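Please put together the full structure from these sequences, using the hints given.
Protein chains in written order, with the numbering used here: chain F, 1 to 244; chain C, 1 to 233.
A hint or two may mislead.
Chain C residues, not near chain F, derived (Cβ > 12 Å throughout) [said to hold, decoys possible]:
1) Lys8
2) Gly26
3) Ser60
4) Ala66
5) Ala70
6) Lys188
7) Asp205
List of simulated lysine to any residue pairs, SDA-like, C-alpha gap at most 20 Å [stated by the list, open to error]:
8) Lys188/C x Ala168/C
9) Lys55/C x Arg128/F
10) Lys55/C x Ala54/F
These are calculated hints, taken from the structure and not from any lab test. Computed from a predicted model, the values in this text were never measured in an experiment. Just so it is clear, CB atoms sit at the ideal spot from N, CA and C, and this is done for glycine as well.
The primary structure of each chain is shown beneath.
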Amino acid sequence: MNTFSDSAVTALALLAGFDPMLLSIVGRSLGVSGAACALSCALGLPLGAWLGVARFRGRGALLTLLNTLLALPSVVVGLIVYLLLSRSGPLGFLGWLFSFKAMVIAQTVLVLPVAAALTRQTVEDVDRAHGEQLQSMGAGPVLRSLLLALDERYALLTVVIASFGRAIAEVGAVMIVGGNIDGFTRVMTTAIALETSKGDLPLALALGIVLLGVVLALNALIALVRRWRMVAIDQPLLLETAPS
Amino acid sequence: MSGLIQLKAVDVRFGPVTALTDVDLGVGTGERLALIGANGSGKSTLLRVLHGLVKPAAGSVLRDSATRQAMLFQRPYMLHTSVLHNVALPLWINGSRWKQAKEQARLALGRVGLGEAALRNARALSGGQQQRLALARAWSLEPHVLFLDEPTSSLDPHGKREVEALLAEFARGGMTLVFASHNLGQVKRLATRVVYLEQGRVLADLPVQEFFNGSRLVETSMEADLFVKGEMA
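Rendered as structure tokens:
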């Protein structure tokens, strides 16, 4: 057998045996990226919805900046967060460098533009088509943005999933601010990079399989949500008791 | 007939495009005013100016601040929620408590014959039902003036009749109606006054009987007369 097939067999054995080290790395990855996704969506969805509806001076420049941030390299984010959290940085007093929190912050900064920009586009499209009807009912820009975001919740669920996917797949930022410390800040992507450089291909491959599995599960989830959305439109909504 | 809204020398421009030019128009209480004209003549823009959705580039819009208004669109937007919530939401936006809004919404749905559909998803309704739902949504706000942008253009004949019957009922209750339409039969049935627009200008503004009386219309506007003859042919 060649190296790849040997590694693949060992990797499957690690997965099937629920290897504790593998599980702890996977759990930490999901935790960091889940928290970063939750934070960035909590900020990015309302911000993006508002940007989709609001009209103000400088909006075009702000949108250009936001779209530019979509391509922000993760190592640059890692470097900026590193400088902020380092002992001599403005947030050094927190003592968060090389910690779980530092990795969450770095991924949040990385993913926030994704959540905000995709939400902005979704809400702006629907506002152009129907916003004046809500305006006609008396809804101002803030309420309109919230109503449209709520109404596009299935589309925005895709934004949430895409944000999580961006977070869990990145390596540069968490490597810099987390330090890839074994049992403490090591996550799937940093572990894959390290194990590959050490030549421990089975563990790297096992982690790669899990990472692919997570991405596959996310795509399956998107497909399910879309299907559920199509079916849900023609279902009665049992939100409360029938009217008398 | 007291004036609810008065436009004076109104111009509307969208970038380089002039949508309305020097429009003077008053809407009186209890009127049923039809706006007619070819596509792109400015009917929808004029409705939006009257309702306050579009601000004029020049001229003035005088409106009694106590006047309540609502607007019905050609393709009403249904939120992805129940029929009941779609009607209750504007009431809540306009200050009603949510529970009270839902009770008012049930009354409005009963009025348009959609009481049984209250818990259905609004987007699952047919086009005619959605337009009746939009009417319930507008009626529940108890507007003095209801603006309608081609309210029956996307409906089948049955749906058209249902919506027209409701509009006639609203008008009998004293509601002022201002509607854009391509359907001259509908204009004859519903309107008390007709305004003809061409390229953003008001070329004729006559009571409905005079508008459809050929000689009076020819005296007022040759273009309007040609339009009516073309549509009736």
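Do the hints match the structure? See the list:
The non-interface label for Lys8/C is consistent with chain F: the shortest C-beta to C-beta separation is roughly 23 Å, beyond 12 Å. Non-interface call for Gly26/C relative to chain F: holds, since the shortest CB-CB distance, roughly 21 Å, exceeds 12 Å. A cut-off of 12 Å between C-beta atoms confirms that Ser60/C is not in contact with chain F; the least separation is 21 Å. Remark: the non-interface label on Ala66/C is consistent with the geometry, its nearest Cβ contact in chain F lying 15 Å away (cut-off 12 Å).
Chain F draws Ala70/C into its interface by the beta-carbon criterion, the shortest separation being 7 Å against a cut-off of 12 Å. In this structure Lys188/C is separated from chain F by more than 12 Å, as the shortest Cβ-Cβ distance comes to about 28 Å. No Cβ of chain F approaches the Cβ of Asp205/C within 12 Å, the least distance being about 25 Å, so the stated non-interface status holds. At roughly 12 Å between alpha-carbon atoms, Lys188/C and Ala168/C fall within 20 Å of each other, so this suggested pair holds.
Only pairs whose Cα atoms come within 20 Å are accepted, and Lys55/C paired with Arg128/F is accepted, the gap being roughly 17 Å. Taken as a hint, the Lys55/C and Ala54/F pair is honoured in the structure, with Cα atoms around 17 Å apart against an allowance of 20 Å.
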